[in-house]
Amino acid sequence: MKDRLFAQQSAQDWLQTSGSRLAAGNRSLQGALMLSALIVVLGLLVLAFGEPFQVRLAFAAFVNVIVVIGLQIFMGNANIANLGHAGFMGIGAYAIAILATPVAMKRIMIPDAPFGLAEIEFGIASAALIAVAVTAVAAVITGVLVARLNGIAATILTLALLVIIHSLFFHWDDLFRGNQAFFGIPRVASLELAIVAAAGAIVIGRLFKDSRLGVQLRASAQNELAARAMGVNVWRLRLISWVLGSTLCGIGGILFALYMGTINPRSFYFHAVFMTLAMLIMGGMRTVTGAVVGVLVLTVGMEVIRNIEGGPLILGLQFPEMLGLSGLALGVIIVTFMILRPDGIMGDAELDDVVRLRFNAGRWFKPRSLTDDSDAQPETNV
Amino acid sequence: MEYLIQQLLNALSFGAEYALLALGLALVFSVMGLVNFAHGELIAVGGYTMYVMVALHIESLWWILTIPVITTVATAVLLERVAFRPIRGAPATTGLLTAFGVGIILQNVFLLTVSARPKAVPVLGPLTGTWNVGPFTISSLQVLETLATGIAIVLLVLFLQRTSIGLAMRAAAYDFATVRLMGIRANRVIATAFAISGVLAATAAVFVIARRGAVSPYLGFDPVLKAFVACVLGGFGSLPGAVVGGFALGAIEVMILVILPQSLGGLRDAAVFGLVGALLLWRPQGLMGKTVELGDKAA
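Residue numbers (this note's numbering), protein chains in the order written: chain E, -18 to 363; chain U, 62 to 360.
Simulated from the structure, these hints should not be mistaken for laboratory data. For glycine and all other residues, C-beta sits at the position ideal for the given N, C-alpha and C. Any given hint could be a false lead.
[Stated by the list, open to error] Part of the chain E face toward chain U, derived, beta carbon under 7 Å:
1. 122
2. 126
3. 130
4. 144
5. 145
6. 148
7. 197
8. 304
9. 308
10. 311
11. 312
12. 315
13. 316
14. 319
15. 323
16. 326
[Stated by the list, open to error] Have a look at the derived ranges for each label pair, beta carbon to beta carbon:
17. 98(E) to 283(U): 25 to 33 Å
18. 283(U) to 161(E): 18 to 26 Å
19. 161(E) to 199(U): 36 to 44 Å
20. 119(U) to 168(E): 51 to 59 Å
21. 321(E) to 131(U): 24 to 32 Å
22. 66(U) to 83(E): 49 to 57 Å
[What the hints assert, rightly or not] When the alpha-carbon atoms are kept at most 20 Å apart in a straight line, the in silico SDA-like pairs for lysine to any residue are as follows:
23. 180(U) to 151(E)
24. 180(U) to 117(U)
25. 180(U) to 128(U)
26. 180(U) to 132(U)
27. 180(U) to 303(E)
28. 180(U) to 119(U)
The whole structure should be built from the sequences, with the hints applied where relevant.
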């Protein structure tokens, strides 16, 4: 348990007197703003000096920040692996596509859409709000079920959700165009918008993690029985975090659709799941900083590898095309991190923890890893 | 009547394939609590071995059926040593994600070294054909697959019942710590489990390849997803549960295919996973030990 102390430091502060509770609240807000500021500065740098392809890359990274934080909110706090989040990205993306695409376009693409959806068109803002609401409703309906299960069973249920959602996109041609791309979505999203949204996601994720609900949920992930005995309503907390996280994923999907202008079901299936999952695991799923760090490191890393994959020209030497190298690297990253550093780069430390310890103690803080988890984690074997 | 028998055979052969794979998953899960999603890539390893053999003009059916077993078993044991031994004892989620990672690595190795496109493996022709039994025309592949699964199950049961390492594996499923206190080497038990899962995967590979006639990097993903579902249906980690779950899933799939109108045929996966989700909510621990109407389909 000693190893966990650091993770629980903010939690313990939280549970002390109301005065220090306020201080802890301030601290997590400060930490969130610190991380947001970092992200915003990075984004502004790309905006100011980046070439178009770098802006595109940065946009994808910021959308991934939102999605991975959405994933972190449920997975990191409830400690249940979630494979269904890409489905919610898809729900958000298709909802905005169906609501915001001009009627003229929809008459061509989905003339037989049910509920007269081909004949209505919303402004971007209201369409986005409705799309968020649609995602949230889908999250509530599924969350009621997911929250009932533990460990592997819950993970499989999220997997089932992913397959079901994908199947619907793929085979309900009248509404989603199935195998064909859904195009003509107004391309109104910009990098600026994604930066603001990602910063917002960071604040939401961090405040949730350090809120009373977040602390209770993390406690229940460590020892559900003990948490229940203390009066923690695990089901309710899981539901709340599921809905919050899935809705964030939906918002990521909405931004994605509004930027690309074209979507298809394959963008929201296993590839997206593994990519975002690898980001979260690599950064460290227990912290919001970990989610952000994972996205940044893996985005840059994968871009470099993709260049090599395409057969680059280095110092006049033409390298051969090596299809599959990026996938290989992704797999190696997942496995290596699982073996050597299952807690990810950040472990239990948020950015502000690192900074504070650096300045307070005058030494570099090393995030601790949980070497012996057996007493802290109940066996989830069925 | 003929239609009914045909559908029954379909269900049996689907079920046999799922049961074969589910057994491999359940075996590994029962001894070390690992959900081995890379199991599907073992099938692909078997398939690519056949592909390489064809390229080398080794086309005798005897070799085609035996060499892949060796490569799959070797791969399974290697994966255990390199990737899964270091995470032994970690939470189930860590294992699941590691296995996903291993699967992605293998897929991309195939992609890098062979091709992203399916490659024809036209050597299993002798296995596919039709037999006329009385008034029925049946596919030999379906019968062979069901038979092979039956034999594999019998051999596995004998192994688990009659050998001391088999006994150790069964005991490990209950309490690994005590097994080790009895002087059994943990590494040996787990490596054996992986080796057997490799044999089962190679057996499944023969039928998967015979049916498709080609091998591709992502070949194993769908079957293992289904096998995974079968395990869940039966109760994760239970070997009889894996068999029951496999055959139950086969029956469910065929039933859904028969019941769903043609226009909704694409929603088969959605229906299957929907059903599985519902079953999980009802019995998170799986079916096994409860339902008799599913039990009678077990070999």
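Checklist entry - Are the Cα atoms of residue 180(U) and residue 303(E) separated by 20 Å or less? => result holds, 18 Å
Next on the checklist: Would the hint on residue 308(E) be counted as holding, given a Cβ-Cβ threshold of 7 Å to chain U?
Outcome noted: holds, 4 Å
Checklist entry - Are residue 98(E) and residue 283(U) spaced within 25 to 33 Å by their CB atoms? => result With Cβ atoms ~32 Å apart, the hint holds.
Checklist entry - Falls inside 24 to 32 Å, the C-beta gap from residue 321(E) to residue 131(U)? => result Hint holds: Cβ distance 31 Å, inside 24 to 32 Å.
Checklist entry - Hey, does the residue 145(E) contact hint survive, CB to chain U under 7 Å? => result holds, 5 Å
Next on the checklist: Less than 7 Å between beta-carbons is the criterion; does residue 311(E) satisfy it with respect to chain U?
Outcome noted: holds, 6 Å
Item to check | Hint status (Cβ of residue 304(E) to nearest Cβ of chain U, threshold 7 Å) | outcome: holds, 6 Å
Checklist entry - Is the hint on residue 319(E) kept, meaning its closest Cβ partner in chain U is under 7 Å away? => result holds, 4 Å
Item to check | Hint check, residue 126(E) versus chain U [nearest Cβ-Cβ separation less than 7 Å] | outcome: holds, 6 Å
Checklist entry - Using the C-beta atoms of residue 119(U) and residue 168(E), is the stated range 51 to 59 Å upheld? => result At roughly 55 Å between Cβ atoms, residue 168(E) and residue 119(U) fall inside 51 to 59 Å, so the hint holds.
Checklist entry - residue 180(U) and residue 119(U): Cα distance at most 20 Å? => result Within the cut-off at roughly 16 Å; holds.
Checklist entry - Is the Cα-Cα distance between residue 180(U) and residue 128(U) 20 Å or less? => result holds, 19 Å
Checked against the numbered hints above, the structure violates hints 1, 7, 16, 23; every other hint is satisfied.
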